Structures are given as structure tokens and as C-alpha cells.
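Q: Sequence:
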Amino acid sequence: MFNAGYIKSRLGHYGAAWLLGFLLTGAAILVGLFFADFIVATDLILPVALGLLSLALGISLVSTMISRQTLGTKLAILLLAILLVLPLLWAPVSAAVCIAFFMDRSIEYSTAYAGFQIGISRVIYPATVALFGGGLVQSAWAAFQVVSSIVGFIATVANLLPRLRRLLGPEPGEVTEDAG
Numbered sequence: 001m002f003n004a005g006y007i008k009s010r011l012g013h014y015g016a017a018w019l020l021g022f023l024l025t026g027a028a029i030l031v032g033l034f035f036a037d038f039i040v041a042t043d044l045i046l047p048v049a050l051g052l053l054s055l056a057l058g059i060s061l062v063s064t065m066i067s068r069q070t071l072g073t074k075l076a077i078l079l080l081a082i083l084l085v086l087p088l089l090w091a092p093v094s095a096a097v098c099i100a101f102f103m104d105r106s107i108e109y110s111t112a113y114a115g116f117q118i119g120i121s122r123v124i125y126p127a128t129v130a131l132f133g134g135g136l137v138q139s140a141w142a143a144f145q146v147v148s149s150i151v152g153f154i155a156t157v158a159n160l161l162p163r164l165r166r167l168l169g170p171e172p173g174e175v176t177e178d179a180g
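Using our numbering, the first residue of the sequence shown is number 1, and each one after it goes up by one.
One thing to keep in mind: the hints can contain errors.
[Unchecked claim] Ranges of calculated distance between the beta carbons of each label pair, as one might list FRET restraints:
#1 Ser106 to Ala27: 14 to 24 Å
#2 Arg166 to Asp104: 35 to 45 Å
#3 Ser9 to Cys98: 26 to 36 Å
#4 Thr70 to Tyr109: 43 to 53 Å
#5 Leu160 to Cys98: 13 to 23 Å
#6 Val129 to Val62: 31 to 41 Å
#7 Ala36 to Gly72: 45 to 55 Å
#8 Leu55 to Gly12: 12 to 22 Å
#9 Thr70 to Leu33: 45 to 55 Å
#10 Val129 to Thr70: 31 to 41 Å
#11 Leu79 to Leu33: 37 to 47 Å
These are calculated hints, taken from the structure and not from any lab test.
Since the model is a prediction, treat every value here as computed from it, not as a measurement.
Every residue gets a Cβ at the ideal spot worked out from N, C-alpha and C, and that includes glycine.
Using the sequences and the hints, build the whole thing.
A: Printed below as a string of C-alpha cells:
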């Protein structure tokens, strides 16, 4: 049996973590630009952001595993964490990539970005070679970036949309439960 409400709640936490990872890393890099070059700021901030997101995911998983949820719910959360860990870790990296794009700078000079890309390639390369052959590794990296950005955006919108609806109130002509 699955506890759909609990799984939905954890997916909401994932969306919030993705958004916070993106926004806080972006803000930290922008503040860091007052004190250092873009590459230096990125190399200082990106490992910290990746570590904090990894720690948050680990704490979330441990709290789920020791909770009173059913085995099916725990396994579903574990499977989702495995599937969504790379898109989650892409959030702070994508913030650095966006800032580099708008500054017209190359992110590839960042050792933190290069380390992240090498780490992801160690996961993507064997899977790509096994499934499609060796010629599509660069395409797999590009696909990873696109899919991770889309997953993060959807998770963020799914998390924020209900909150915005509650904040803005009902639509004109919409019947609410209180009006009954």
C-alpha cells in the first residue's frame, strides 16, 4: 500500500528544494561577484550548495525510512529520490549557468562545474554506451540538462501554484466551500 498524500508531500518538498537550490545559489553567486570574479565565486559557492542539497535529500530519506509509513511508501520515496537526485543537483548548477549566460562568460572554466559535469558523465556515459553506443554521450549530457531543467520547473510550479491560488483567493464567480 502507498500513502499518496505522503508521497505528494515529499514531492512538494522536492519542488521547494529545487527552487531554493536555484534561487539561493544564484543569489549567493551574485553577492559573491562583489568580492571576487565569477569563476572564483562559483567555485566557492557551488560545492557548498551541492553539499547542502545532498544533505537535505539524505535527511529527508532517513526521516522517511524511520517513519511509520508503509514499506510500499518507503520504497516509492526511495525510488523517486534515486530518479530525482540528478535533477535536484542540477538546480544550483543551472543557476550558475544562467548567470554565466547573462554575463557572457564561459562556465566551463569553473572547476566546480567541471567536477559536476565529470561526475554526471560517470553516470551518464556507461548508460549511454550500453543503450545507444559511444557516439551520443554529448547528446546525453545535453538531454540531461534539458530534462533536469524541465523536471525542476514542473516541480516548482506544482509546488507554488496551489499556494498562489490560496494567496490570491477564489476566481470571480467561483463557489467556495465557505459560501455553502
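Q: If any of the earlier hints don't hold here, list their numbers in rising order.
A: none
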